[in-house]
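Visitor: Sequence:
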Amino acid sequence: FCKGGGDKNIILLVLIFLLAGAFYAVTIDIGARDATVNMALQFVPSALILPGLFLICCFISFSMGTSMGTITALSPIGAGLATSLGLPVEMALGIVVGGAMFGDNLSFVSDTTIAATRTQGVQLKDKFKANLMVAVPACIVTMALLLMVEVDTSGIVEGGSYDFWRIVPYLCIIAFALTGFNVISVLAVGIASACVVGLLQGSFTPLSMMQSIQKGMGWMQDLAMIAITIGGIVALMHANGGITWLIERLTRKVTSKKGAEFSIAGLVSFLDITTANNTIAIVTAGPIAKDLNEKYGVDPRRTASLLDIFSCSFQGLVPYGAQLLSAAAVVGISPLAITPYCWYPMLIFVFGVAAIWFGFPRFKTPQDDELTQSA
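Just so we're aligned: 249 in my numbering is position 12 of the sequence shown, and the numbers increase by one with no gaps anywhere.
I should point out that these hints are in silico values taken from the structure, not numbers from a laboratory.
Where a beta carbon is used, it is the ideal one built from N, C-alpha and C, also for glycine.
Incorrect hints may appear among the rest.
Said to hold, decoys possible - In silico DSSO-like cross-links for lysine-lysine, where the CA-CA straight-line distance does not exceed 30 Å:
1. 366 x 494
2. 452 x 362
3. 366 x 532
4. 366 x 527
5. 245 x 527
6. 245 x 494
7. 245 x 490
8. 495 x 362
9. 527 x 240
10. 527 x 490
11. 527 x 495
12. 362 x 494
13. 240 x 366
14. 532 x 495
15. 245 x 452
16. 494 x 527
Claimed, not checked - Derived CB-CB ranges, DEER-like:
17. 408 x 444: 19 to 29 Å
18. 429 x 496: 11 to 21 Å
19. 596 x 271: 38 to 48 Å
20. 280 x 481: 33 to 43 Å
21. 531 x 447: 36 to 46 Å
22. 473 x 381: 40 to 50 Å
23. 402 x 482: 54 to 64 Å
24. 594 x 489: 27 to 37 Å
25. 243 x 481: 14 to 24 Å
Start from the sequences and build out the full structure, keeping to the hints where you can.
Guide: The following block contains the structure:
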């Protein structure tokens, strides 16, 4: 158990989680999240308010790397927007949840992205490229559906004032991740830039800056301990033949690479439905998926993408998950009422199945282990 819990990939995952928590907290404390929301609202035409709300949620969640932070920030805006436009509040909250899951699935600093890439030993940019093939079509179809919804645009939503410099940490995160930096470096740059902006803007003192970092790391302590515990449990399963038994059960009728990919998708989906936590589902399914990669020749970059896609799809649909519970709590409705309007999570499931069936995207070059590069 201790050997599995102390595995180098698990410990690296813990460190990354802690850094991600620090980044979330510092950017929130300097006002980066609110500045981004206000900036986006000022550029959204009233005729495109619903697709605009969805895009704002996508950008915020992609920048922050957290669906919960996005839902917390934008659910009140979505609920107020629904009232002014004469739309069901459940629809507006479903749009917010959908946009939040876009970033949870695709962001470079999302805990699900971190878990998926680390368990499969692949680079952030490769998993990002694979996810784009699913996320972008689902995003386009979602926006097309929202354009067909009739709204009364007389209620105009205006964004407040914003300071562009407070958005710089998000832009740094995206730029450095796309350049090919490993996740530790990306998070370090994001935290450093947020600290510099916060100090220059007077958002906090050096002491309160350290308190903000510590607060954010505290948010991720439970997840870090869960990762260590799961690493130990998976090692026990390996030692006692449980992983071998599970793979045999999963692959009894599998005769091809495509079948193995469907098994991986089914496993992580089942785990997310039962745990209502997509990160835990990925961390649990990751080692099993890696064994299936080796057995059936599945590209680890595709596996990392599939783990993230299907776990995020169901996480945005289960009414007992933290995302829908948080959104529903804003206006005191049943989370089950929001599920039918979570169109984006439904669509990434559909396009995820299509990606497996038609075998896209295909990688022509062998993948490089990000852990080896960072070492």
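Visitor: If a hint holds in the structure, say so; if it does not, say that too.
Guide: Evaluation of the provided hints:
no.	hint	result
1	366 x 494	20 Å, holds
2	452 x 362	29 Å, holds
3	366 x 532	24 Å, holds
4	366 x 527	19 Å, holds
5	245 x 527	16 Å, holds
6	245 x 494	28 Å, holds
7	245 x 490	34 Å, violated
8	495 x 362	23 Å, holds
9	527 x 240	18 Å, holds
10	527 x 490	19 Å, holds
11	527 x 495	15 Å, holds
12	362 x 494	23 Å, holds
13	240 x 366	33 Å, violated
14	532 x 495	12 Å, holds
15	245 x 452	25 Å, holds
16	494 x 527	13 Å, holds
17	408 x 444: 19 to 29 Å	27 Å, holds
18	429 x 496: 11 to 21 Å	45 Å, violated
19	596 x 271: 38 to 48 Å	43 Å, holds
20	280 x 481: 33 to 43 Å	55 Å, violated
21	531 x 447: 36 to 46 Å	44 Å, holds
22	473 x 381: 40 to 50 Å	48 Å, holds
23	402 x 482: 54 to 64 Å	55 Å, holds
24	594 x 489: 27 to 37 Å	20 Å, violated
25	243 x 481: 14 to 24 Å	22 Å, holds
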